[in-house]
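Student: Chain order of the listed sequences is A and U. Numbering-wise (the working numbering), the first sequence opens with residue 100 and increments by one. Numbering-wise (the working numbering), the second sequence opens with residue 73 and increments by one.
What the hints contain is simulated information worked out from the structure, not anything from laboratory work. Treat each hint with caution, since some may be false.
Claimed, not checked - In silico EDC-like pairs for lysine to aspartate or glutamate, Cα to Cα no more than 20 Å straight-line:
{"#": "1", "chain 1": "U", "residue 1": "K202", "chain 2": "U", "residue 2": "E183"}
{"#": "2", "chain 1": "U", "residue 1": "K131", "chain 2": "A", "residue 2": "E323"}
{"#": "3", "chain 1": "A", "residue 1": "K303", "chain 2": "A", "residue 2": "E323"}
{"#": "4", "chain 1": "U", "residue 1": "K103", "chain 2": "A", "residue 2": "E323"}
{"#": "5", "chain 1": "U", "residue 1": "K103", "chain 2": "A", "residue 2": "E279"}
{"#": "6", "chain 1": "U", "residue 1": "K380", "chain 2": "U", "residue 2": "D368"}
{"#": "7", "chain 1": "U", "residue 1": "K131", "chain 2": "A", "residue 2": "D141"}
{"#": "8", "chain 1": "U", "residue 1": "K103", "chain 2": "A", "residue 2": "D327"}
{"#": "9", "chain 1": "A", "residue 1": "K303", "chain 2": "A", "residue 2": "E288"}
{"#": "10", "chain 1": "A", "residue 1": "K218", "chain 2": "A", "residue 2": "D234"}
{"#": "11", "chain 1": "A", "residue 1": "K212", "chain 2": "A", "residue 2": "E246"}
{"#": "12", "chain 1": "U", "residue 1": "K103", "chain 2": "A", "residue 2": "E110"}
{"#": "13", "chain 1": "U", "residue 1": "K131", "chain 2": "U", "residue 2": "E145"}
{"#": "14", "chain 1": "A", "residue 1": "K306", "chain 2": "U", "residue 2": "E90"}
{"#": "15", "chain 1": "U", "residue 1": "K256", "chain 2": "U", "residue 2": "D368"}
{"#": "16", "chain 1": "U", "residue 1": "K131", "chain 2": "A", "residue 2": "D327"}
{"#": "17", "chain 1": "U", "residue 1": "K103", "chain 2": "A", "residue 2": "D342"}
{"#": "18", "chain 1": "U", "residue 1": "K131", "chain 2": "A", "residue 2": "E279"}
{"#": "19", "chain 1": "U", "residue 1": "K152", "chain 2": "U", "residue 2": "D139"}
{"#": "20", "chain 1": "U", "residue 1": "K410", "chain 2": "U", "residue 2": "D394"}
{"#": "21", "chain 1": "U", "residue 1": "K131", "chain 2": "U", "residue 2": "E183"}
{"#": "22", "chain 1": "U", "residue 1": "K367", "chain 2": "U", "residue 2": "E344"}
{"#": "23", "chain 1": "A", "residue 1": "K218", "chain 2": "A", "residue 2": "E239"}
Bear in mind that the values here come from a model prediction, so they are computed numbers and not experimental data.
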Amino acid sequence: MSHALSVCHGEFGRAALYMLDRTIITHAHREGHLIFYLGGRDGRVIINGFPYACDGSHAIAVSPWEPHSFETNGDGACFCLVMYIKPMWFLENNASAEYALNFGAPAVRITPKISDCIKRLTGLLMDDESRDLFDTMLFETTRICFEHSWKNARPLSPLQRARCRFSDFRVRRSLRFMQENLTYDVEMECLARQVGLSRAHFFKLFKRQMGVTPNIYLNTLRSEQAIDDLLTTPKTVTDIAYDLGFSSQASFTRFFSSNVGISPSEYRRVAHVS
Amino acid sequence: MALITYLTRVHFADGILEEALRSELEHHGRKRPVVIADKGDFSSGFADRLFASFPIRTKAVQCEIPDSMSSREALSLIQKKYIGHRADALIAFGKGRLIGLAQFARFPLAELGSADSKSADTKPGRCKTKLPNLFAVPGIDGLTAAPIVSADHSALTNTRYSMSERLPTAIICDPTLTLGADSKSSASAGVNAITRCIEAYLSNAYNPPADGIALDGLQRSASNLHRVLNDDRLEVRREMMAASLNGALAQQKGIGASQAMGAALSSAARAELDQGALLRLFLPGVLRLNAVPLKDKYQPIRRILGIKPRLSLADGVRVFFDRLPLPARLSEMGVTRKHIGRASSMVVEHGEPPASATLPDRADVAAIMHSVL
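Use the sequences and the hints to build the structure in full.
Tutor: So, in structure tokens, the structure goes:
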């Protein structure tokens, strides 16, 4: 069973220390995502179908809404530091960054400087002290990784990106529908019909524009709401499950563990807001 | 001596709407906004994008303002919705007029104490009352709302709030929202931006940064106004939105005479007349009125617009606007001599005095309006 040693939420997004020995299924985040291997069994992150080793030589950088999954190589747990950075927070602190926090390449070579940052961040997360220093270090780590990720990468045209995303009214409508109905059991067949498309056409169009399937998008919204509920409300896990449209606590726990990495009750126990 | 306050938060990028609005609402802890727009925008893809961007558990209520609704009624409706919903923020999107109304709606709400102290704006200024947060997402006509200078709202215009305090908490400028706009709306928005920039630059107030913003906005709009009529590329739309934003920010120097006249005529005619179309007709007359006292300040404008030496600035501007797909006379917009009579009184007697070098009197205003009737 995967475990968390520490989970910290703040204005920046969230950061966690995980011992992962189970697969995390394909999922996505609206934040920029960095994964640093700290020890134990090596892992693999599959981003958009391509595998990247999660070992001591490279950090893994996943851009917002990039579908990815995680698996360990064999038995044993992979100890890693994971960060989910809100693009706007990064932008507020770094005027030269672009708002989307899209990384140039998924594998970022670990330099001595990055290695030092990881050690200090891990220590600060374990100690749960010096919040200001933690935010500063987290920003610095993200900034360095972001810059390194673009070193040999070809810049994408922001015009093309903005044009392909949100350009189809049916996709826009479906995003709104999911946002407003995520606590109900949203049937994809029904959602496709709602926006005037066949299921197959809807999935193809949605994936092309958003980078993820509608299922993964909806799962992301539900994970976000579940995390927020766990952190900010006194609701029981069972109530959270029902409120999110799950038929039982067990199915919610399965969903949460396979999308977030650890069980909801453990998340609530370990997580804190800075 | 000058007091210059800079200014408000602006998000400006292609496709920024979702990320920016979400982060602003999260940052301010706002969960119960009143969303203000017109019927067309509420049923558009613009609204789909806006509502999809809300943080979880946001309970928004819609406040639909029809074109035919007077400013007084609209302000009252916004206030009613805000109080009824126990709202904690305003979001205005789409039409410049509605963003302008939302800006004014904040004042009575603040006076009523509806804005809680936790996250309302606390900009430095003369006013101690806190205004509710307002997040503005302009559409094609940008932040080009006509100032409210009608007799109906003279009380509001005499508020204790400075121009910079009237600006929204954050402005979210996403040029992708203007793609596909028709040539008439684009022309009107362009004229509005140019007029704001020119009148802000010519205003007597001493504010060098605002002058720089105004001239930059003028440069961008002058280079792209005619292109945007037939060119829907994002880079052209982006330039026009930047010009419109510059015009709105430079407005802290005060409202120009043409804008005051446009707003007054709308009010006198009891119709939402196209402000861009009105400004196109009024600006040359106002420039002619100020030609002597502002002669030196006219030079940079002439240079940017590429006006030939044989033409006066007023004539040059008229020629520059000549081929735009907008009404050529006031009568084409249903304006009558009676409306002009009422409007010329309003400009002088109600609302904010225009920030012109030469304050037009009633006869000046009437003469300019009659010349383009």
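Student: So, for every hint listed, does it hold in this structure?
Tutor: Against the structure, the hints:
1. Of the supplied pair hints, the one linking K202(U) and E183(U) holds, its CA atoms being roughly 8 Å apart against a limit of 20 Å.
2. Restraint check for K131(U) and E323(A): satisfied, since their Cα atoms lie roughly 17 Å apart, inside the 20 Å limit.
3. For a cut-off of 20 Å, the pair hint linking K303(A) to E323(A) is broken: about 24 Å separates their Cα positions.
4. With a C-alpha separation of about 16 Å, the suggested pair K103(U) and E323(A) falls inside the 20 Å cut-off, and the hint holds.
5. Between the alpha carbons of K103(U) and E279(A) the distance comes to roughly 14 Å, so the proposed pair stays at or under 20 Å and holds.
6. Distance check on the hinted pair: K380(U) and D368(U) sit about 16 Å apart at the alpha-carbon level, within 20 Å; holds.
7. The straight-line distance between the Cα atoms of K131(U) and D141(A) is roughly 44 Å, outside the 20 Å bound, and the hint therefore fails.
8. Proposed proximity of K103(U) and D327(A) is supported: the alpha carbons are some 14 Å apart, at most 20 Å.
9. The straight-line distance between the Cα atoms of K303(A) and E288(A) is roughly 13 Å, inside the 20 Å bound, and the hint therefore holds.
10. As the CA atoms of K218(A) and D234(A) are separated by approximately 14 Å, the hinted pair is consistent with the 20 Å bound.
11. For the hint pairing K212(A) with E246(A), the CA-to-CA distance comes to about 13 Å; that is within 20 Å, so the pair holds.
12. Straight-line distance between C-alpha atoms of K103(U) and E110(A) comes to about 17 Å, which keeps the hinted pair within the 20 Å bound.
13. For the hint pairing K131(U) with E145(U), the CA-to-CA distance comes to about 24 Å; that exceeds 20 Å, so the pair is violated.
14. Only pairs whose Cα atoms come within 20 Å are accepted, and K306(A) paired with E90(U) is accepted, the gap being roughly 18 Å.
15. A hinted pair counts as satisfied when its Cα atoms are at most 20 Å apart, and K256(U) with D368(U) does not qualify at roughly 33 Å.
16. Taking the CA atoms of K131(U) and D327(A), the gap is near 16 Å; set against the 20 Å cutoff, the hint holds.
17. Distance restraint check for K103(U) and D342(A): the Cα-Cα separation of roughly 19 Å lies within the 20 Å cut-off, and the hinted pair is therefore satisfied.
18. At roughly 10 Å between alpha-carbon atoms, K131(U) and E279(A) fall within 20 Å of each other, so this suggested pair holds.
19. As the CA atoms of K152(U) and D139(U) are separated by approximately 19 Å, the hinted pair is consistent with the 20 Å bound.
20. Simply put, K410(U) and D394(U) have alpha-carbon atoms about 27 Å apart, too far for the 20 Å limit, and the pair is violated.
21. Distance check on the hinted pair: K131(U) and E183(U) sit about 24 Å apart at the alpha-carbon level, beyond 20 Å; violated.
22. At most 20 Å may separate the alpha-carbon atoms for a hinted pair to count; K367(U) and E344(U) exceed this at roughly 34 Å.
23. Restraint check for K218(A) and E239(A): the C-alpha separation of about 13 Å stays at or below 20 Å, so the hint holds.
Of the numbered hints given earlier, the model fails hints 3, 7, 13, 15, 20, 21, 22; all others are met.
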